[in-house]
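Visitor: Chain by chain, the residues run as shown.
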Amino acid sequence: MTTIASLQIGELAYISEESLDEIPLKLLEMGCLPGAEVELIQVAPLNDPLYICVNGSHLAIRKETAAKIKIIKAK
Amino acid sequence: MSHKKTINVALIGNPNTGKTSLFNELTGLNQKVGNYPGVTVDKKEGSSKLQKNLKAIITDLPGTYSINPTSLDESIVLKTLLNSKSEKKSDVIVVVADIENLKRNLLLFSQIKDLEIPTVLAINMADQMERKGITLDIKLLEKELGNDVVLLSVRKEKGIDELKKAIVNTYHSAKAFPLCNVNNRIDPAYFDRLKEINPNYSIYELWLMITHNSFPDTISREEKSALLNFKNDSKNLKKYQHKETIFRYQKINEILKNTYLVDRSKASDLRSTLDKIFTHKIFGYILFFAVLLVIFQSIFDWASLPMDLIDAGFANLSSYVNKNLPAGVLTNLISEGIIPGIGGIIIFIPQIAILFLFISLLEETGYMSRVVFLMDKIMRRFGMSGKSVIPLISGTACAIPAVMATRNISGWKERLITILVTPFTTCSARLPVYAIIIALIIPDQKVFGVLNLQGLTLLSLYILGFATAIIAAIILHKTLNVKSTSFFVVEMPDYKLPSFKNVFIDVVEKTKAFIFGAGKIILSISVVLWFLASNGPQSYKDVEKNITENVFHQQLSQQEINQMIASSKLENSYIGIMGKSIEPVIKPLGYDWKIGIALISSFAAREVFVGTLATIYSVESDDEDITTIKQRMASEINPDTGTRRFNFPVGMSLLVFYAFAMQCMATLAIVKRETKSWKWPLIQLFGMGTLAYICSFIVYQILS
Chain X
1 MTTIASLQIG ELAYISEESL DEIPLKLLEM GCLPGAEVEL IQVAPLNDPL YICVNGSHLA
61 IRKETAAKIK IIKAK
Chain S
76 MSHKKTINVA LIGNPNTGKT SLFNELTGLN QKVGNYPGVT VDKKEGSSKL QKNLKAIITD
136 LPGTYSINPT SLDESIVLKT LLNSKSEKKS DVIVVVADIE NLKRNLLLFS QIKDLEIPTV
196 LAINMADQME RKGITLDIKL LEKELGNDVV LLSVRKEKGI DELKKAIVNT YHSAKAFPLC
256 NVNNRIDPAY FDRLKEINPN YSIYELWLMI THNSFPDTIS REEKSALLNF KNDSKNLKKY
316 QHKETIFRYQ KINEILKNTY LVDRSKASDL RSTLDKIFTH KIFGYILFFA VLLVIFQSIF
376 DWASLPMDLI DAGFANLSSY VNKNLPAGVL TNLISEGIIP GIGGIIIFIP QIAILFLFIS
436 LLEETGYMSR VVFLMDKIMR RFGMSGKSVI PLISGTACAI PAVMATRNIS GWKERLITIL
496 VTPFTTCSAR LPVYAIIIAL IIPDQKVFGV LNLQGLTLLS LYILGFATAI IAAIILHKTL
556 NVKSTSFFVV EMPDYKLPSF KNVFIDVVEK TKAFIFGAGK IILSISVVLW FLASNGPQSY
616 KDVEKNITEN VFHQQLSQQE INQMIASSKL ENSYIGIMGK SIEPVIKPLG YDWKIGIALI
676 SSFAAREVFV GTLATIYSVE SDDEDITTIK QRMASEINPD TGTRRFNFPV GMSLLVFYAF
736 AMQCMATLAI VKRETKSWKW PLIQLFGMGT LAYICSFIVY QILS
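Protein sequences, first through last, are from chains X and S.
Here our numbering is used: position 20 in the first sequence is 20, and no number is missing along the way.
Here our numbering is used: position 19 in the second sequence is 94, and no number is missing along the way.
Check each hint, because a few of them may be wrong.
What the hints assert, rightly or not - In the BS3-like style, the derived pairs of lysine-lysine whose C-alpha atoms are separated by at most 30 angstroms in a straight line are:
1) Lys326/S - Lys250/S
2) Lys70/X - Lys558/S
3) Lys73/X - Lys351/S
No wet-lab data here; the hints were simulated from the structure.
One chain only, chain X, in its complex shape (with noise of 0.2 angstroms):
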C-alpha cells in the first residue's frame, strides 16, 4: 500500500480518496484533504516524524499517521 510514509525526499503525490475516513479530523482541517498535493521535504533522524508540504501548508507528522494516509504517486 502505497501511503505517505513511503515518500521519498522532495517526492510528490496526491492524497487518495479511498483514505478520508483515516485521516485524523485534525488533520483534515490542516489542509490534508483527498486530491491534495503532499510532498515529503524533510525526514527527521531516526526516520520519525515526517516533514510533509501538504496543501501549502508545512507539517511534522508522525509515521504512525503518515502511514494511514493512502496516496497516488504523481507520473
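Using the hints, position chain S against chain X.
Guide: Same frame as chain X, but now just chain S:
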C-alpha cells in the same frame, strides 16, 4: 439598538499568524492575565480605544487551527465561543489570518461564521505578498464572503486603524449569518431534528455541543439530555465531521479561485535552505546543543550580578526596617517574614526573565518547531512528545512555568509524564543550596589542569537531574495505566526575524505571571515559617530569662548573649520542635534537627535552606554573607562523632536529597491546578521524597 461604551472583542486565529502581535499592537502594555472560569488556561485581556467614546476589551484567545479542540489550550476557544448567549459574550470576533496560509485560515473563519457571531476577517502579513508572489482581490473576497475584510501588516504597523473601523462597523451592523450551511449538505433530516431542540442556537452551535460534550450554562437539563441522545451514533458523528471539513474546503476553494492567486515561481527558497541545516541529522543536533549551551551560559553569567544585588538589597532593607521601625511583632513580621519572602521571589526574576527571553526568541523565529521535530522520536521512547523539550528546558529556571508550558501537548499521558518529571530538572532554587554545600565539601582545585572540580560537581548535578527525569519518564511510561490518545501534528512555520516588541511583552507577561502565581505561595509560606520560628510553647518564652540568668557570671559580650538567645529561641520554637521530632527519621541520612528545620523550611522554596541555616547558626542578619555562613557551617561539630557536621558524606547526602526531593509547594499547587486532582502532586511529593530519602541514605551510609 443600545450602544454600550465598551464592547467585547475576541481575537482568534491559527498559531503563527501574528495574532499576538496584533493583540500587543492594539493594547500595548494595557494587558492583564486572568483565568477563564473553571479552567486553568490564562486569559489575556487588554483594552483598546476604537474611536472616541468607544472602547474595546480585547481577549486574545489561544491559537488554534479549528474550533474542534485537541488540546487544553484549544478547548478554551470552543468554550468561549459557545457561551455566545451569556453576559460576557463577544460582540465582535476578529479572525486573524496570514496571507500565505489563507486557505487553511479560512477554515477557522468559516466555522466562526457558522456560529452566527459578527466577524471581521483580518489578513496579516500583507507586506509579504509580493515576495511570495501572492495577489488578492479584496473587494471580490469581501463580496464572496459577505464579510468585512481588512489587510494588515502588524509588523509595519499598517492597517490597524482600518481594522478598528471595521470592528466598529461590524459591531453596529451586527451582521451575522452562516457561511457554509453545512447541515444541508450532510444529512438535512438529522440536522432539522437537531434544530428543534433549541431554536435560539444555530445548528452549528448545537452540533458542536454534541461533538465535544461542551454545554453552555444556558442549555437546560432536558435540552442537554436530548442533545446527548443525538450522540449515540458515534460513527456517524465522526463521518459527519469529516464531511463537514471537506465541504468547508470545497466552499473555500470556490471562493479563493478568483480572488487569491499564487505565483509559485516567485517563492523564495530561504526556508528550505534553513530547514536543511536546522533539521540535519548531525548538524541539527549540534546546533540545538549549542543553543542550549548558550542559554545555560547566559542564565549563569547574566543573572549572577542582578541576583547578588537583589540579595544584598533585601538583606539591607530587612535590617534597615528592623532598626528603624518600633520594635514589636509587626516589625518582626515585616523584616523577618515579609521582606525575605518577597526577596525570595524577586531573586528568581533575572534567571527566569533570561530564560523566557530565549524561549520567546526561539518561538518567534520558528526554530522551536524544528527542535520539536528533531526531538520527537527520542522523547517518545521516554513516553513524552517532542513538545516536552520546551518544558524540560524551562524547568532549569523554574518548574512552575515549565509545568504550564505543557498545555499544548495533546496526548494526556505524554503531558502528564512531562509534568511529573519536570521537577527533577535542576531549577534555579536549587543553585544556592548546591553552591554552599559544594563550597563546603569539594576542594576548590583544578583537575586535568583546566576543569574546576567544584564546577564539575555542579555540572554532574545538572546531568543527574536530567538523567533522573528521563529514567522516571521511562518508568512512568511503562507503569502508568492512563487512557490517552496521542496525536501529534506540528506546523513548521516560515522563519521570521523576531519582533522586539513581541519578545519584550512576552517576557514581561510571563515573568509577571510567575511572580503573582508562585509568589503568593512562596510569600505566604515564608510568613507561616516566620510564625513557626518566632513562636513556641512556654519553654520558648522562658529562653531569654534562662539564658540571661545562666550566663550572668560568664564573661560574654552582649552580642554573644544575643546570639545564644536567638539560637536557643529557634531550638524551642514550633519549627525547632518540628525539626527535633523528625530528627530520628533523618539521622540515618546524616542530618541533625537543625538541618531538619532547614529541610522543612525548604518547602517554601529550596533556596530558603541557606537563609534558615544562617538563622539557626545565629549569624547576624546584617552580614548575611555567604562566606560567613559557610565558615559557621564549616566549624559546626557533630557532638556524636566530634567531627565536622558538614563533612563529605553529609554534604553528598544533602546534594542528592535536594536533587531528588519535591520540596516546592508552589510547584505542587501548579501541578494540582494543571492535572485537576491532588493525586498527581501527592504522587510527586511521596515518590520523589522516597527516592530522595533512599538515595541519600545509601550515599551517606556508603561514604561514612
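Visitor: With reference to the structure, classify each hint as holding or not holding.
Guide: Hint by hint, here is what the structure shows:
1. Distance hint between Lys326/S and Lys250/S is fulfilled; the C-alpha atoms sit about 20 angstroms from each other, no more than 30 angstroms.
2. This hinted pair checks out: Lys70/X and Lys558/S have alpha carbons roughly 28 angstroms apart, not beyond 30 angstroms.
3. With a C-alpha separation of about 24 angstroms, the suggested pair Lys73/X and Lys351/S falls inside the 30 angstroms cut-off, and the hint holds.
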